[in-house]
Structure formats: structure tokens, C-alpha cells
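Student: Based on the provided sequences and hints, a complete structural model is requested.
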Amino acid sequence: MDFGPYLMLAIMEGALTAAVLALTASGLALVFGVMRVVNVAHGEFFMLGAVLAWWVSQLAGGSPVWGFLLALCVVPLLVGLLAAFVDMTILKRINYDPERTIVATIGILYILQQVTLMTYGPEARPVAPPFNARIALPWFEMSDGALQVYWPWGLSTTSYKLCVIGAACVVLLGLWALMTKTKLGLLMRATEQDREMALAFGIPVQRVYAIAFGLGAGLAALAAVLIVPIQQAHYLMGGDPLLLSFIVVIIGGLGSLPGAILAALLIGLSDGIISVFFSPTLAKIFATLLVAFVLVFRPNGLWGANNS
Amino acid sequence: MMTTTKTIAEKAVSKPSRRDALKTLALGGAAAASMPLWARYAGAQTSEPIKVGFQVHRTGIGAAYGRWYDRTTSAAAALINEQGGINGRPLEIIAEDDGTDPKRGAEMVEKFAAKHNCDIGFGTLFSHVVIGSAPRAGELKLPYFVVSEGHHVASGMLNRYTLQPGITDVKSQVQAMAPFVADNLGKKVTMVFPDFAFGHDHRDYFTAAIEAQGGEVLEHIAIPPTETSFTKYFPKIPRETEVIYHVMVGPAVLTFVKELGEFFGPQRPEMFGFIDSLEAVDIGSPGLEFLEGTYFWEGNPRYAQENQSEYDAFFRERVGVDANGASVSDPRDVSTYAHMFGCWETLHVVKAGMEASGYRGTQDRAALIEAVEAMTDMPHSIAHPQGAKVFNGKTHQVFGKQYISKVVDGKLLLVHTTSIEDTFYSDEVDYTTQSL
Amino acid sequence: MTTDLKKSVILHAGVVLALFVLQFVLPAYHHGNMARIMVLASYAIGYNLLFGYTGLLSLGHALFFAAGLYGAGLAMSQFGLSAGPALVVGVVAGVVIGAVVGGLALRTEGVAFMIVTLMFAQAGYLTILYFGAYTRGDEGFVIEQAERVLLGADLSDPLMRYFAAFSLFCAAIFTCFLAVKSRFGRVLVAIRENEERASMLGYDVAKYKLGAVVLSAGLSALAGAGYALLFGYVGASFASVQYSIFPLLWVLLGGAGTVLGPLVGTVFMFYLIDLSSGLTTAYMLIAGVALVVLTVFAPHGVMGEVRRRMWRWLP
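Chains as they are written, first to last, in my numbering: chain A, 160 to 467; chain B, 14 to 449; chain C, 89 to 403.
Simulated from the structure, these hints should not be mistaken for lab results.
Taking beta-carbon pairs under 10 angstroms as the criterion, some of the chain B residues facing chain A (in silico):
hint, residue
1, H70
2, A77
3, G79
4, Q280
5, D346
From the three backbone atoms N, C-alpha and C, an ideal C-beta is built for every residue, glycine too.
Tutor: Dropping the structure here:
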């Protein structure tokens, strides 16, 4: 493929990756910001979202549209509730101590993964998208001194992929509205800024934590429900999203939601674009080292304020 | 899942100190050797089972295969026991999960040899687990019968105790595909493969083979193993491509096919893939419509064909697989038909080897190896339902027919069967020169 | 010697002696297991130096283990070195990589440090795959039985292997004990407890932390090189993130910041998985539950609890 269309394709694919990554990572950033803990099981909540979406779509019988819509509404809620439950039973008892939380969430990671393996099985199963039309995209070339439009071979996207990007934007806007315009958002931001003060002001911090943890997991699950018609639901699929979310949140700056979103955009797009130029494995090596070096020289992330 | 249940008496017997065990064996062996032939055989005949340590991928990335390997192995063992066992002794399968992990695999070999006192190790599929476990099997002098399809056995990397007599290896498979591809699909090929050992093997062997047929590989597209979205790699496919050769494996395969379909739209080049991509996956799954009219290598045709042999029908019946290659109890549970026959055939080879060598116990392991090495022709039979085979005792690798199918109306239709000779390549090692 | 020190020495010497005696007593299966456990426990000891004593949580230690594994393995398979020099190459590789990575990663702290170490380990894993022509990537390669001979001893012989693993373990535990009891170790603990204060007291905190990383990397690499020589297989799976999580698990279970903790944790996890895999395929589920239970009810790990409740002198 010619360079122009190739880059265009890479950007479109990158945008899709960035959209889903932004959603997943915002969940992690929320938990980080409000609770100051590392949730190593975050990827497993993502995986649960995909697996439950498959399960719900099976329940809904034939119609992919209703199955998908049902999954979209029900699954993030289910996963969020599960996460809140985990928070109230386990995380609260260890008092959100950073190291113990890491160990506990590793344990939860194994538990979630294995239970999924035992019930859902080791296969990857598809979920039908509600709609999926191939859309050929045009490109320009100079011919006879004027800009001509043509349809390059292979340059296309699908209606569903565009929809996912749109949906992610809508959800992120909703999240922003939640955080800035609602009382719950205010409570969460207050707790994030100064936990002791929040307690002193009578804010039910424990409950805010449970809600934040649930919301974080719910966002990951939502991202998974959106992506599962494109990928498949598989019990090991949580590993990559976890890794990428971590990278995004750290690079964006701990606790900074807009930073995480911008970082997701950066990483999602660059992943697509770098593979245009380099062999994929080499590209991944570069990308990984790049992340490390960004952190080495800017430990607070690219947009992080000075925080612990 | 098969686990071993031992009586208290058996438990007491199976945990002597090493010195006691050696003494007993030595005395028993000496006593047996001093008897006339008929008494010797009768005397050695015990009801103590022949223990096969089955290293199965119950969890990890190999889990989908592991389930079917388990079922096929159980069916084969049941058949062998119905027919009187091996040398009159029943076959007992002791299965342990290796998590598709090489470190764990080596620990399992240890467990089979030292704890369960198995006669042989058996059944590993994934290459890295085989390579991680084989050294230990060699040190412990445990005959290790793998069902892996990897070229590592025949490459000489392993040891004389590791054999692969039940399934052909990827080098012979890939090589045998080149003539069909060059003659029927096209000579300009673009290869898409995962960027790790399995993919590299395909890259190396097929490129050499297609060039020998007068074709060429225009582009090698290596995809990182954990990739979940593939569209960004497809622009690298040159427009002059006549055939796309793809061997993507892993949970993202369905995405791969779907996105390939979305990329090409209504006009696509010919496509040739390996059914490894779609083992345990229904060809009729949503998103796989794009595969209609494309071709696949099949180790063993998943759908029962018009010329189905009685041996294949018998095999399906015993394992519990219907004419579509799915479980009889759940039509959505599709089998790994192209690989699992290897377990059945390998166990039958073990039986033949033990009978030929007069195997009585772990002291006869070396004799068992030598007996299997002496095997050559394995005719198409109940023991070998996939087809006739030729075993190379020097490289410890078996060779057999390869099948090529076309996707027609959502099913796989056999269109070509290679000869066994098509799959031969020159020996790279002679294990028989190594000591046992 | 103070009585506390005397008690520590007696306890640790006792453990070492017990391990030595075990090789004559254990049945074959557990004999082989213990050899493996001792090598992995040495890895955990290396990890513990950085995590338990210095308070730095690295998620990339598989890089150092793999440096030793591949250093020794490639030295033998590509350059034809014998076992002894290969072992040295492995350790040196670990030390060098530790110094480089440490120098860079220590510019960050806390969660950023975790991610940076994780990233370097990932890059290492991908590099091993990239140079698949030499490393055979994820499949890995075998070190022939005939070559695994150290100082005249055939390392594939069970008794020799056990003894070699035992020696390696002794080296690790001895190093750890010395380090911990020395001034170096005490400064590390001070840094863990309150880095600012240590810095204000005049200690060059950066130098000590780097020293901790290098020592930890060297021990981990020693374990990796030992693993290659004793078990004959070198593969990329040992460089994956799983093998960075394992030492964290073992150390936390056994008791971070104690010398014996890593051994206890490794033995515990090994047999927990071994026994539960005989009962169910979901043995990792049991491991997960064990982790959660332990961290909720016994956060200091086994030896940590022992130290808290009984033997306060435990190093």
C-alpha cells in the first residue's frame, strides 16, 4: 500500500486502540487517584467484562443487536458490583496498604482467571457485533495537476469500529461530567486531594472508595464489552490491557484523568504508526524502552502534578 | 480428568526406599532370567498396570488442545485394555497438568519418574514444554513419547529417550504443501505468521520449499505473539500477491480472519492456511465467512469425507466425535481433530513396542526404545486411523500423509492427499548412535 | 558475639545442615524437587535483598534471572565455554545489567520504579525473542547432558545436582546474612524505613540503593545460571513477567526482610501447587486464595510473623 493510505489506516486503527485503552486506563487512573492503590486485577475485570458479554449475548438468543445492548447495560454494572464487593471485603481489611494491596490483587487476579477457566473454559469465543459494514475510505493523489479522490485497495474501516471510537468519547465525556459536575464526583475529588480532610468533613470515605473501585472496574468492563465483537473473549485476555493501562496511567501522571486520556491517545496512535515503519517485535522493544525512559526522566509522568 | 486411585496395599508397595526397590528388581530379574522361556513370561505376568505418565496441558495457552488430548488418550487406553492390555497387563494413565509451562513440564517428568514410578512419559504438545522437559526425561532414562508436531525431535536437539512416533512434524507438513500451492493456487506468496519459533519454522521451511517449486515469497509478515488487532499489518501485503499463506495461532485468530476479510473486501487473493489456526473452533463461527473457498492443511480431515475409512469411523465413535468433528454430546464443542489422533496412534505404538521387546518393567526401558526404533512401516489400521505411516528409527520421527481441504459451504472438503514420500527430508541426526 | 547473633547463627547453620542431611534421606521425587527449590529460593533471596531489606519493589527481576540463564546458556551453546566459566559469565551478565538498569530505574521511585523495572524486563523478553536465531526464542534450547560437568562432577546426577544446588543456596544465604548483618545492610533497612532521614544523616542513599540493586541482580543471575546448568533448559518463558511475580510471591509468603523467609516461601508455594494440582486443575486458584488469605491475616509472611511474635532477634 502507498505510504499515505497506509498511514491513514494506521491512524484509524490507532484511534480504535486509543479509545479502548483510554476507557480501560481511566478506570485504573480513577482507582489510583482516589485510593492510591495499585489494582493488579484490573485486567481481569476487563476480561470478565468480555466473558460476561458473551454469556449475556448467549442468553439473549439470536439477535446480536439486543444481545449486545443488553450486555452493554448489564455487564459493567455486574463487574462494578463485584469489584465493590472485593473492595469492601478484602481491601478494606488490609487498610489499603500499598504492598498488601498488590499481593491481594495478585491473588484476586489468579482467582478470577481460574474461576473463568473452570466455568467458561480455555477457548476464545466470539460475540457478534450489532452491525458491521465495511466502509472503504478514500484517499487523494495528485493527477493532472488537480487533487483526485480514489479508493485505495485495502483502505477501509468498519461502521462498528467507528462506533466504538464514538462510544468511548461519549463515555469519557460522561465520566468528566460525573467527576466535575456531580456531588459524587466532588466527593471523589475531595477524597483524592486529601483523605484526612475528607474524613474530617464527614465524607463517607469507605463508601467513596467502594464506589470508586467499582466504577474503575466497571469502566474496564465497558471497554471490554465494546471491544469484544472485534476481538474474542478469552480467559487470558486481561494481561495486555493491564500492562498498557499501567503504562498509560503512569505516563499520564498519577491521578491525572486528563493526563491518562492523553497518554492513551499517544500510546494507541504510536503503536499503530510505529508498526508502519519498523518490524513489529522491534517496534515493541522500542515502545517499551520509550516508556521506561519517559518515566526515568519524567518520573511524574508527562502531565502529572507533583504528587506522591 | 483421570487421576490415579491407589489402594493402601499399592501405596505401601510404591514407596520403598531406593535401595529396597533396586534389590527387589535385581532379585526378580535374576530369578526371571534363570527360568525357561515359558515360565519366565508367566512368572513376570502380574496384574500390576503399565503406567503412562500423561503430561497434559490442562491450563495455560494449550488448554483447548489438552482437553481433547485427554479424551483421545482415555479412549485409546480403554480400547487397549478391552483388547487385553499390554502383555496381559492393563494400561493406566496418570495425568498431570503442566500448565503449558516448560518449568512445570520438567517437574512433571520428575514426578512421573520418581513419584508415580511410571514406565513412560507421554503426550506433550507445545514445543517449548517438550524442549524444557526432554532433558530431564533423558537424565531419568524415562522414555518420553511426545505428540508435539514440532521439528525439535528430528532436529537432533533432544535425546535418545524422546520419540515422536504418532504425529508428523511441521517441517514435513510444510514441505509437502508447496507443490499443491505452486500448482493450484499461485507462485507468488505472501506469508503471515506469528513472530516466534512456530512461525519461524513455517517461514523457513515453506520459503525453501516453494522456491524449489519455482515460486517465491514476496513478503514475510511476522506478527508479535500477543497481538490482538491485525489490520495495521495487512497494508504490507504486496498487490501482486497470488496466495496468502497464514498460520496464525492463539485466541486472536478469529479476529485475524475477520479483519483480513474486512481488509480485502470482495476481492481477495487465494488463501492457504493451517488448520492449527482453527483447531477447536467451528468453521461456521460468525466472522469466518471470509474463509469460504480458501484452503487448509489438515493433519486429519475434521469432517468425515466420502471416502472415509472404517478406521476413521471407528476412531470417531470411540473418542466421541461426530461426522463434523465435534463432540457427540455438544455440537458446539469442536475437537482438535488434526492433532489428537497422535495420542491414539502413539499409545498403540507404545503397545507394539512393549510387546515386541517383551517389556516387563522399568528395567526394560532401553529395550522398549530399541524396539520402537526398529519399527518402519505402520499400515493404515485401527491403530493408525489417520493413515499409513513410516517411522524413521534414527531421527525418532514418523512420516505420514498430509491432507489439504477446501472450505465449501462452511465445511472442509478434502481435495488433495499427499504421498508419504512428498513429506520426506534428509536425516539431521542419528539417535541410535547415542548410548542409552 | 551477642546472644542474638549467636542465636541467628545457630538457627541458620541448623537450617543449612538440615538441608545437607536431607539429600541422603529424601525419596527420589522430593530429592529432585528440593534441588529445584533451592535454586529458586536463591533467586528469591536475591529479590528479597532489594524488596524486603531496601524496600524497593521491582517487577522486573526476571530480567536478571534470565541474564544469568542466557549468559551461561549462550556462553556454552554459542561460544563453547565449559560449565565453570559459563557460570561466571552468567553472573557477570546479571551484575552488568543490574548496574545499567539500576542506574536508570533508581531515578524513579514507588510505582514508577515498578513500571520502569517491568518495562526493562519486557524489553529484555522481547529482545530474546527478536534474536531468535541464536536463542531459539520462546522454544528455547537444551544444554547437553555431556556438557553439564562442573569441577569434574556430572551435574545431571541426582546427588551431584543436589549438592550443587545446595552450594549455590549456601552462597546466596551466606551473602544475604553477611550483607544484612553488616553496616551496608543496616543502612538499607534505614533507607527502607525512612529514606529522607537516612539521607539527612549523611548517607549517600543513591549509592547504597544502587549497590542493593547490583547485589540483588547478581544473586538472581547466579540462580539463573545455576538453573541453566543444573536443569539443562534455557527458554524465554523464564524472562516473562510471571517469573518476576514468582519471587515477589515467595518472598511475601515466606516473610519479606528475613533471611530464611525466601526459602520458606519457595518451599511453601512449590508444595502448595504440587499438592493442589493433584486434587484439581484449578491449583492456581488455590494459590490465589492462599495469597489473599495470607496478606489479610498474616501480612508479614511466615517468618515475619515468627519474628514478630516469637524470635525478635531473627535477621
